[in-house]
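> Listed below are the residues making up each chain.
Protein chains: 2
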Amino acid sequence: MSKPLLYSCWMSSCAWRVRIALHLKQIDFNVKTISILKTGEPGDQYSEEFEKINPMKYIPALEIHGHTLIESLSIINYLEEAYPKRRLLPKDIFQRTKARAISDVICSGIQPLQNLKVQKFSRPDGNLNFEWASFWISQGFSSLENILKESTGDYCVGNEITMADCCLVPQVANARRYKIEVSSYPTIARIDKALQDHEAFRKAHPSQQPDFPKEVPASFASQFK
Amino acid sequence: MSKPLLYSCWMSSCAWRVRIALHLKQIDFNVKTISILKTGEPGDQYSEEFEKINPMKYIPALEIHGHTLIESLSIINYLEEAYPKRRLLPKDIFQRTKARAISDVICSGIQPLQNLKVQKFSRPDGNLNFEWASFWISQGFSSLENILKESTGDYCVGNEITMADCCLVPQVANARRYKIEVSSYPTIARIDKALQDHEAFRKAHPSQQPDFPKEVPASFASQFK
Numbered sequence: 015m016s017k018p019l020l021y022s023c024w025m026s027s028c029a030w031r032v033r034i035a036l037h038l039k040q041i042d043f044n045v046k047t048i049s050i051l052k053t054g055e056p057g058d059q060y061s062e063e064f065e066k067i068n069p070m071k072y073i074p075a076l077e078i079h080g081h082t083l084i085e086s087l088s089i090i091n092y093l094e095e096a097y098p099k100r101r102l103l104p105k106d107i108f109q110r111t112k113a114r115a116i117s118d119v120i121c122s123g124i125q126p127l128q129n130l131k132v133q134k135f136s137r138p139d140g141n142l143n144f145e146w147a148s149f150w151i152s153q154g155f156s157s158l159e160n161i162l163k164e165s166t167g168d169y170c171v172g173n174e175i176t177m178a179d180c181c182l183v184p185q186v187a188n189a190r191r192y193k194i195e196v197s198s199y200p201t202i203a204r205i206d207k208a209l210q211d212h213e214a215f216r217k218a219h220p221s222q223q224p225d226f227p228k229e230v231p232a233s234f235a236s237q238f239k
Numbered sequence: 015m016s017k018p019l020l021y022s023c024w025m026s027s028c029a030w031r032v033r034i035a036l037h038l039k040q041i042d043f044n045v046k047t048i049s050i051l052k053t054g055e056p057g058d059q060y061s062e063e064f065e066k067i068n069p070m071k072y073i074p075a076l077e078i079h080g081h082t083l084i085e086s087l088s089i090i091n092y093l094e095e096a097y098p099k100r101r102l103l104p105k106d107i108f109q110r111t112k113a114r115a116i117s118d119v120i121c122s123g124i125q126p127l128q129n130l131k132v133q134k135f136s137r138p139d140g141n142l143n144f145e146w147a148s149f150w151i152s153q154g155f156s157s158l159e160n161i162l163k164e165s166t167g168d169y170c171v172g173n174e175i176t177m178a179d180c181c182l183v184p185q186v187a188n189a190r191r192y193k194i195e196v197s198s199y200p201t202i203a204r205i206d207k208a209l210q211d212h213e214a215f216r217k218a219h220p221s222q223q224p225d226f227p228k229e230v231p232a233s234f235a236s237q238f239k
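Line by line, the protein sequences are chains A and B. Number 239 marks the last residue of the first sequence (our numbering); no jumps. Number 239 marks the last residue of the second sequence (our numbering); no jumps.
There's no promise every hint is true.
[Stated by the list, open to error] Here are the simulated DSS-like pairs of lysine-lysine, each with C-alpha atoms no more than 27 Å apart in a straight line:
1. B:Lys163 - A:Lys71
2. B:Lys134 - B:Lys99
3. A:Lys105 - B:Lys39
4. A:Lys99 - B:Lys239
5. A:Lys131 - B:Lys193
6. B:Lys17 - A:Lys105
7. A:Lys66 - B:Lys163
8. A:Lys131 - A:Lys193
9. A:Lys99 - A:Lys39
10. B:Lys131 - A:Lys131
11. B:Lys163 - B:Lys207
12. A:Lys105 - B:Lys131
13. A:Lys207 - A:Lys193
14. B:Lys193 - A:Lys134
15. A:Lys134 - B:Lys134
16. B:Lys131 - A:Lys134
17. A:Lys163 - B:Lys66
18. A:Lys17 - A:Lys131
19. A:Lys71 - B:Lys131
20. A:Lys131 - B:Lys134
21. B:Lys52 - B:Lys228
22. A:Lys193 - B:Lys131
23. A:Lys39 - B:Lys105
24. A:Lys71 - A:Lys163
25. A:Lys105 - B:Lys99
26. B:Lys52 - B:Lys134
27. A:Lys217 - A:Lys17
28. B:Lys71 - A:Lys193
29. A:Lys217 - A:Lys71
30. B:Lys71 - A:Lys131
31. A:Lys228 - A:Lys131
[As the list claims (entries may be wrong)] To give an idea of the chain A side of the interface with chain B (calculated C-beta under 8 Å), a few residues:
32. Lys71
33. His81
34. Leu87
35. Ile107
36. Thr111
37. Arg114
38. Ala115
39. Pro126
40. Leu127
Everything labelled a hint here was simulated from the structure, so no lab data went into it. Just so it is clear, CB atoms sit at the ideal spot from N, CA and C, and this is done for glycine as well.
Start from the sequences and build out the full structure, keeping to the hints where you can.
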């Protein structure tokens, strides 16, 4: 069998979630880097070539066992079912539901409102909108902090790393990018810190990706400082 | 055991998804109606009382077996595991992943961008923004139509009703509300039509909810015409 192929980009928090899940499950995979900026080139997520892979024109996408999977949480759910060994959902049904709910809070309630396309559409000049992004992330983090206070142990849900943690760490990085003081959310900050040194999270980090630039663009300065 | 209690509102497409799933699974439940508009009253999703139920200040929430569940897809996943009898995910793992991906496209890629809070934030005067909502739904539907063309049989994924159908029908209603010509997306329109007469979908319809008003507000005219 050929290795799974992940369409990924160092800048994308959605692809990052899937990279963490793949590394946690110790699945060996190849990466095809795709730009999430509109470049007009074939390697751009808005290109005709990529639209055939994902009609939503978003990364990530995962080619695996002859199928192309889209949507980060759907991909992680697939990995969880197909590779059950290192599980990303707790055994208890209510803990499992909590892990899914936290993942949905991030993937439906926070990230979509701050993604590049929406930021750019929110401004007449079509540029990044830091104010817009930080408003939605701050609102979401205030709620998420209260949710996590109830569910956390070492990580988002109890003491096991779950799919919720795969979603949290990239979202915290986005918060830093948009200059949010993450320490204002002590539970979020603590969980994020606890995961930084985990091998799977280190391997999945943007700085470890083949398309990570030698010089970080200015708009990412606060994320990587 | 007491009946499950759904926090719901006739206006909310997210609560509608869960109502469909509950009816498909023939689970008897009670409804507590909550306003999704900012009313300043205790029955408002932004109230302090409701924030204790869901810190995200969104409906739906489901009280069941002594637990309070949030996030529509997480609730539907719970129902799928706890009440497996009338299944909402196909048996085949790739079909199941497809049903999840279509649900995520709607619940992360379309609905969050057109919800009331985001629409109102997008305008200096804080009013509804039909242009904003219809832009994001149209963009999403163009992609979704292409995804569904590949996966559909009678419904979103093959010939079984899945969680993707629970998400599709309320999103099509939102499209009509924001004056999108749904017939421009023939696969979406056909699936939506095929589900209208299904008993579970009829029972879950906004018009069958206890808080449905005698006179439909003007901003909903195109949805209910």
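> Could you work out which of the previously given hints the structure breaks and list their numbers from low to high?
2, 4, 12, 18 and 24
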